[in-house]
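S.K.: Those protein sequence lines, which keep their order, are chains A and B. So the first sequence is numbered by our numbering: it starts at 1 and just counts up by one. So the second sequence is numbered by our numbering: it starts at 684 and just counts up by one.
Hints are not guaranteed to be accurate.
Calculated pairs, DSBU-like style, for lysine-lysine (alpha carbon to alpha carbon, straight line, at most 30 Å) [what the hints assert, rightly or not]:
1. B/K842 x B/K762
2. B/K874 x B/K724
3. A/K239 x B/K761
4. A/K627 x A/K645
5. B/K842 x A/K216
6. B/K761 x A/K238
7. A/K255 x B/K762
8. A/K592 x A/K513
9. A/K239 x B/K874
10. A/K357 x B/K761
11. A/K250 x B/K874
12. B/K761 x A/K342
13. B/K755 x A/K654
14. A/K357 x A/K529
15. B/K874 x A/K244
16. A/K238 x B/K887
Residues of chain A placed beyond 10 Å of chain B at every Cβ, according to the derived structure [unchecked claim]:
17. L83
18. D161
19. S203
20. L204
21. K220
22. L222
23. V223
24. I237
25. K249
26. E256
27. I307
28. R486
29. D533
30. I618
31. E647
32. E653
No wet-lab data here; the hints were simulated from the structure. Think of the CB as a built atom: it goes at the ideal place given N, C-alpha and C, for glycine as much as any other residue.
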Amino acid sequence: MSDINMEKFAVPEFNPERFVKELAKSCVGGEELHQQKEKIQTLAEETASALKKNVYENYMQFIETATEISHLEAEMYKLSHLLSEQRTVLTTLSHASILGNENTISRESLDNHDVEAEKAEEQRRNKLIIISEKVEGCMNLLDVPDRVLLHEGDLLEIDADENTALQRMHVYLFNDCLMLTSWISNRRGATRYQFQCSYPISSLAAVNVHDLGNVKQAFKVLVFPDTRVFQCNSLTIKKDWLDKFELAKKMHIEKENSKQKKKESLDKPKSESLDSPSLSVEKLPSPQIPVLPEWLADVTEELDVLIVERHFQKTYDLMVSAQKSLNTEEFKNHPQRADILKRIEQKQKVLIEILLKELDVTHNWSPRGGLRSSRHPVIILNKFNMTSQACELFLAICSHTVKVHVKGVQLEGSINSYVKQVGEVFFCSLSDALTEFITLFPKNKISAFIVWASMQLRILMSQLIKQIFTPQCALESVLECVSSLREQCLLFCEFGLDLRFQMDSCLRSPIIKALKEYKEKVLDCMKTKVSDDKWTPINMHTKAGVNKFLLQMENLGLILAKYIINETWVDLSSSTVWFAQSVITVQKIGLKLVTKDMMDVLDESIHAIFKSRLMLSIGNDSSYAQKNFKFILDTVMPLMLRCYKEEVGYDNEKLVTLAKKFGVNIAPPKKSNITKYTSNEYL
Amino acid sequence: MFSALTYQLSTTFLEEQKKCEGLVAAANMSKKPATQPTLHKVIMVGSGGVGKSALTLQFMYDEFVEDYEPTKADSYRKKVVLDGEEVQIDILDTAGQEDYAAIRDNYFRSGEGFLCVFSITEPESFDATQEFREQILRVKNDENIPFLLVGNKSDLADKRRVPLDACRERAQHWQVPYVETSAKTRDNVDKAFLTLIRQMSWLKQGLAAAEEPPDQPSRRCAVRCCTIC
Ligand SMILES: Nc1nc2c(ncn2[C@@H]2O[C@H](COP(=O)(O)OP(=O)(O)O)[C@@H](O)[C@H]2O)c(=O)[nH]1
Ligand SMILES: [Mg+2]
Numbered sequence: 001m002s003d004i005n006m007e008k009f010a011v012p013e014f015n016p017e018r019f020v021k022e023l024a025k026s027c028v029g030g031e032e033l034h035q036q037k038e039k040i041q042t043l044a045e046e047t048a049s050a051l052k053k054n055v056y057e058n059y060m061q062f063i064e065t066a067t068e069i070s071h072l073e074a075e076m077y078k079l080s081h082l083l084s085e086q087r088t089v090l091t092t093l094s095h096a097s098i099l100g101n102e103n104t105i106s107r108e109s110l111d112n113h114d115v116e117a118e119k120a121e122e123q124r125r126n127k128l129i130i131i132s133e134k135v136e137g138c139m140n141l142l143d144v145p146d147r148v149l150l151h152e153g154d155l156l157e158i159d160a161d162e163n164t165a166l167q168r169m170h171v172y173l174f175n176d177c178l179m180l181t182s183w184i185s186n187r188r189g190a191t192r193y194q195f196q197c198s199y200p201i202s203s204l205a206a207v208n209v210h211d212l213g214n215v216k217q218a219f220k221v222l223v224f225p226d227t228r229v230f231q232c233n234s235l236t237i238k239k240d241w242l243d244k245f246e247l248a249k250k251m252h253i254e255k256e257n258s259k260q261k262k263k264e265s266l267d268k269p270k271s272e273s274l275d276s277p278s279l280s281v282e283k284l285p286s287p288q289i290p291v292l293p294e295w296l297a298d299v300t301e302e303l304d305v306l307i308v309e310r311h312f313q314k315t316y317d318l319m320v321s322a323q324k325s326l327n328t329e330e331f332k333n334h335p336q337r338a339d340i341l342k343r344i345e346q347k348q349k350v351l352i353e354i355l356l357k358e359l360d361v362t363h364n365w366s367p368r369g370g371l372r373s374s375r376h377p378v379i380i381l382n383k384f385n386m387t388s389q390a391c392e393l394f395l396a397i398c399s400h401t402v403k404v405h406v407k408g409v410q411l412e413g414s415i416n417s418y419v420k421q422v423g424e425v426f427f428c429s430l431s432d433a434l435t436e437f438i439t440l441f442p443k444n445k446i447s448a449f450i451v452w453a454s455m456q457l458r459i460l461m462s463q464l465i466k467q468i469f470t471p472q473c474a475l476e477s478v479l480e481c482v483s484s485l486r487e488q489c490l491l492f493c494e495f496g497l498d499l500r501f502q503m504d505s506c507l508r509s510p511i512i513k514a515l516k517e518y519k520e521k522v523l524d525c526m527k528t529k530v531s532d533d534k535w536t537p538i539n540m541h542t543k544a545g546v547n548k549f550l551l552q553m554e555n556l557g558l559i560l561a562k563y564i565i566n567e568t569w570v571d572l573s574s575s576t577v578w579f580a581q582s583v584i585t586v587q588k589i590g591l592k593l594v595t596k597d598m599m600d601v602l603d604e605s606i607h608a609i610f611k612s613r614l615m616l617s618i619g620n621d622s623s624y625a626q627k628n629f630k631f632i633l634d635t636v637m638p639l640m641l642r643c644y645k646e647e648v649g650y651d652n653e654k655l656v657t658l659a660k661k662f663g664v665n666i667a668p669p670k671k672s673n674i675t676k677y678t679s680n681e682y683l
Numbered sequence: 684m685f686s687a688l689t690y691q692l693s694t695t696f697l698e699e700q701k702k703c704e705g706l707v708a709a710a711n712m713s714k715k716p717a718t719q720p721t722l723h724k725v726i727m728v729g730s731g732g733v734g735k736s737a738l739t740l741q742f743m744y745d746e747f748v749e750d751y752e753p754t755k756a757d758s759y760r761k762k763v764v765l766d767g768e769e770v771q772i773d774i775l776d777t778a779g780q781e782d783y784a785a786i787r788d789n790y791f792r793s794g795e796g797f798l799c800v801f802s803i804t805e806p807e808s809f810d811a812t813q814e815f816r817e818q819i820l821r822v823k824n825d826e827n828i829p830f831l832l833v834g835n836k837s838d839l840a841d842k843r844r845v846p847l848d849a850c851r852e853r854a855q856h857w858q859v860p861y862v863e864t865s866a867k868t869r870d871n872v873d874k875a876f877l878t879l880i881r882q883m884s885w886l887k888q889g890l891a892a893a894e895e896p897p898d899q900p901s902r903r904c905a906v907r908c909c910t911i912c
């Protein structure tokens, strides 16, 4: 008879018919055949369930990967967005510098990155070619040397007079023109859109539509004599479009200006003398007015460029040096001074607004840059005396990162390991935030951080408490969670911020509640346990069982070797052992769990449990019950009293009174170190 | 796995596309005939801070908005009853003083009537109306374009720095009506807009009439009369 297992079926040349035949041959009688059949069936079931499990796991992996991909996609999109913006700026700049504009930054970068410029140019062309392929009857996109795509997207065209939907469009905005295409409904191959028309950027005006009956989120493009109205899917999309139109116009104006300048400089080639003020003083009709150096005269344009390029620090530096120069004796009375200063002030407002947006978590702030990415904006804002706003926004970012990190911890395995991990992650985030905060903000702001940190802790604790303090959670497990949190908190004190008080105040009421609930549970159980007790010794059956039992009791502080009789019997009744375990556990764990201000609750719990047990013994005359009663009074009670005093330093008055009432002989008060000796003797 | 994802995406995409087509078709179906009231396109021009947006918002929504964030160009639409007839007014509120003049042209081209606003507390804004007028005439190439000179902030009489005579004189010179308004108290706000719309309406009817029976005597005189104050 052959053994049935997986390997047999897994071989590639497995032939079911032959297998069955062989099986039938080798089996003796129907009974055995039946058994084999059953075996095969269970095997089939197992395989099926394994398959199911695998499918499920694959599915989960698939979902995870999909979300990851969509994350990545968003990031890539953002990146490409940034890159394309930068590229447009570079092209305008390169254009400007060829025309002789003094622009040291762009020159450097252009010279250094010749190869990159070539690459960018190739990418630019490729992108345009791809667009041409998508659009049927597309205009020639490559005929203008520095055309770049600024924005594209789907829009719904609205009839401007009737306020009704007209057609679905795909619109491309280039730096020099707007191209409208419509959707091809039954598309073939790469083409998706049908070219409709294009408007040069200089001929159009974009208008934000505030109110157009029931049409929402729309904007208009005025191209005389046409007015075209487009509806967007959301306000942000609309804003994006309007911003991009603004950018296109700005670039257009800049280009026009530089063309103008080129013409001017060609018209009067003698203007070189402007470089040396001494010469020009002689030549100019009004010699008392010094000529502004070019960088100072053009400072606002340069600031614009720097802002678009996101060189915020450089923008700030340029602003400051321009303001400084304008305040020197030389230019103090210059006629353009006030005007330039005013414009610099406007740019400063723009810069501040952008920086505040950069720091705004609610405004497309990406957590992947980490806290560091907020450094520059904060530093500059501080210089603008905007420390408070910067601080507020920075802390909002911190809140966000803390939240993200804590959320990242998976709730799997035991609650203890989860709480431990969450605590670690939380305090790590706090210390990261604190380190960053200290480097960024002046000392007097630290109070804001403390307020923020305690707030965060409170939020965290309120979440954790719900998970730790569940009715079915054992006191041991609660203690483990609480201890690990306290430990983390203590470690965090090394950073100079002590949050222990806040943590304990959060823990206070749930701990009290847990102790009270535990007490109630024990009291409930005790009645049935005692009344159901058969008042006989406990049989542990084996030697190993006995040893295990002794070890358990020893952990609680009870040495019970002398209560073992006949090798495997414990000479105590089951309710007694249960009681000793319960009451000692309450005290042992409770003492570690509570803070000083909760001692009365703990004392009360211990007292109530003990008292209730003692009351139950009164009136039970069975001699074995009386023996157990004696054990509780003579062994358990003194042990608890001693442990309590060792731990806390003073007596548990309530329990002492109870003990006296039941005639327990308590050792006369000795000095505390002597008590310790006794305890060692005992162990 | 990736292809599965792409597939899923493309199917939802197609579905959406279909829905959208249906929408467009439905929209096209319901489109005609329901003749809409005549549409008059008005443009607010003038220096920054004179109260163009405040006037627009007061006219549109009956409220005075103290600090309206300056945007480049906002458009509004409203139905009004003018002399018993319902018309639509499309207002383009421009911010544009720092805009490049060539781009401002593109806004002005779309306008059929202009409210040229200055603040009676700010002589510079009054001076600037000259420039706006010239640009509009150049762009529209029409001396008779409906146009209204508006002196705003009349509630700030104690801070007045543009004498009423100068305002009237300029309007007279241009042969356009002059209105003093307050976007704050709503004084003359409706009047300013309605006067302009009436001009536009007459001009349009006049033109339409002029195409059929030649010559419509009332037009020129009715439009350019006096200054309203
Ligand atoms: N007192 C007064 N203030 C006005 C009036 N109209 C506008 N303002 C104020 O003038 C400022 C500029 O107004 P705004 O409408 O933004 O001007 P715009 O730049 O021409 O659009 C705002 O602070 C308004 O509150 C008015 O009629 N009276
Ligand atoms: Mg405005």
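S.K.: Next, verify each hint and record whether it holds.
M.R.: Here's how the hints hold up against the structure:
Of the pairs offered as hints, the one joining B/K842 and B/K762 is violated, with about 35 Å between alpha carbons and a cut-off of 30 Å exceeded. Distance hint between B/K874 and B/K724 is fulfilled; the C-alpha atoms sit about 17 Å from each other, no more than 30 Å. Restraint check: the Cα-Cα separation between A/K239 and B/K761 comes to about 23 Å, which is no more than 30 Å; the hinted pair holds. About 27 Å separates the Cα atoms of A/K627 and A/K645, which keeps this hinted pair within 30 Å; it holds.
In summary, the hint linking B/K842 to A/K216 is not supported, as the alpha carbons are separated by about 40 Å, beyond the 30 Å threshold. At most 30 Å may separate the alpha-carbon atoms for a hinted pair to count; B/K761 and A/K238 meet this at roughly 22 Å. A distance of roughly 42 Å separates the Cα atoms of A/K255 and B/K762; the hinted pair therefore is violated under the 30 Å criterion. Distance hint between A/K592 and A/K513 is fulfilled; the C-alpha atoms sit about 16 Å from each other, no more than 30 Å.
Among the hinted pairs, A/K239 with B/K874 is inconsistent with the structure: their alpha-carbon atoms are about 34 Å apart, more than 30 Å. For the hint linking A/K357 to B/K761, the alpha-carbon distance of about 34 Å lies beyond 30 Å, and the restraint is violated. As the CA atoms of A/K250 and B/K874 are separated by approximately 37 Å, the hinted pair breaks the 30 Å bound. Among the hinted pairs, B/K761 with A/K342 is inconsistent with the structure: their alpha-carbon atoms are about 38 Å apart, more than 30 Å.
Restraint check for B/K755 and A/K654: not satisfied, since their Cα atoms lie roughly 80 Å apart, outside the 30 Å limit. Under the criterion of a C-alpha separation no larger than 30 Å, the hint pairing A/K357 with A/K529 is inconsistent with the structure, at around 67 Å. Taking the CA atoms of B/K874 and A/K244, the gap is about 38 Å. The hint is violated against a cut of 30 Å. A threshold of 30 Å between alpha carbons decides the hint, and for A/K238 with B/K887 the separation of about 34 Å lies outside it, so the pair is violated.
With 10 Å as the threshold on Cβ separation, the claim that A/L83 sits away from chain B holds: the shortest Cβ distance comes to roughly 24 Å. With a least CB separation of 6 Å from chain B, A/D161 falls inside the 10 Å interface cut-off, contrary to its annotation. Distance check on A/S203: its Cβ comes as close as 6 Å (rounded) to a Cβ of chain B, failing to clear the 10 Å threshold; non-interface status is violated. With a least beta-carbon separation of about 6 Å from chain B, A/L204 fails to lie farther than 10 Å from that chain, contradicting its non-interface assignment.
Residue-level check failed: A/K220 sits 6 Å from the nearest beta carbon of chain B, not beyond 10 Å. With 10 Å as the threshold on Cβ separation, the claim that A/L222 sits away from chain B is violated: the shortest Cβ distance comes to roughly 4 Å. Separation of A/V223 from chain B is inadequate, the least Cβ-Cβ distance of about 7 Å not exceeding the 10 Å criterion. The claim that A/I237 lies off the interface holds: its Cβ sits roughly 15 Å from the closest Cβ of chain B, which is beyond the 10 Å cut-off.
Not every CB of chain B lies more than 10 Å from the CB of A/K249, the least distance being 6 Å, so the non-interface label is violated. Against the 10 Å criterion, A/E256 falls within the reach of chain B, whose nearest CB is about 8 Å from its own CB. A/I307, annotated as away from the interface, keeps every beta carbon of chain B farther than 10 Å; the closest lies near 16 Å. Annotated as non-interface, A/R486 keeps its C-beta farther than 10 Å from every C-beta of chain B; the closest such distance is 45 Å.
With 10 Å as the threshold on Cβ separation, the claim that A/D533 sits away from chain B holds: the shortest Cβ distance comes to roughly 63 Å. The beta carbon of A/I618 is kept farther than 10 Å from every beta carbon of chain B, the shortest such distance being approximately 73 Å. Against the 10 Å criterion, A/E647 stays outside the reach of chain B, whose nearest CB is about 59 Å from its own CB. Residue placement check: A/E653 keeps its beta carbon more than 10 Å from all beta carbons of chain B (closest about 69 Å).
Hint compliance for this structure: hints 1, 5, 7, 9, 10, 11, 12, 13, 14, 15, 16, 18, 19, 20, 21, 22, 23, 25, 26 are broken, all remaining hints hold.
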